[in-house]
Amino acid sequence: MIVNGDMTQIDLPKGTVSGLVNAEQVLNHVKNIGFVYFEHHDVVRHPLVAEIIKAYERN
Numbered sequence: 001m002i003v004n005g006d007m008t009q010i011d012l013p014k015g016t017v018s019g020l021v022n023a024e025q026v027l028n029h030v031k032n033i034g035f036v037y038f039e040h041h042d043v044v045r046h047p048l049v050a051e052i053i054k055a056y057e058r059n
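In the UniProt record's numbering, the protein residues as written are 1 to 59.
Since the hints were derived computationally from the structure, they do not count as laboratory data.
Treat the hints with caution; some may be incorrect.
What the hints assert, rightly or not - Within a straight-line C-alpha distance of at most 20 angstroms, the following computed DMTMM-like cross-link-like pairs (lysine to aspartate or glutamate) qualify:
#, residue 1, residue 2
1, Lys-14, Glu-24
2, Lys-54, Glu-39
3, Lys-54, Asp-42
4, Lys-54, Asp-6
Remember, it's a predicted structure, so these values are computed and weren't measured experimentally.
Throw the hints in and build the complete structure from the sequences for me.
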């Protein structure tokens, strides 16, 4: 099973627990479950998109 999401795009009301964040916290140390995290250098679109992502990461 694959579950994907973007933790930088959670738009839940303040104080509401994200199911994605909760799943990472609960399942992070379970054997045979892994997590993959992408960063700005993983962007395969226009180079400007990578620069935009880096700018938001610095903010």
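Quiz item: Keeping to a limit of 20 angstroms between CA atoms, is the pair of Lys-54 and Glu-39 held or broken?
Solution: It holds: about 9 angstroms lies between the C-alpha atoms, which stays within 20 angstroms.
Practice problem: Please work out if Lys-54 and Asp-6 have their alpha carbons no farther apart than 20 angstroms. | Solution: Judged against 20 angstroms, a Cα distance of about 15 angstroms means the pair holds.
Quiz prompt | Distance restraint between Lys-14 and Glu-24, which requires alpha-carbon spacing of 20 angstroms or less | solution = 19 angstroms, holds
Quiz item: Given the proposed pairing of Lys-54 with Asp-42, does the C-alpha separation stay at or below 20 angstroms?
Solution: OK: Lys-54 and Asp-42 at ~11 angstroms, within 20 angstroms.
Taken one by one, the earlier hints all hold for this structure without exception.
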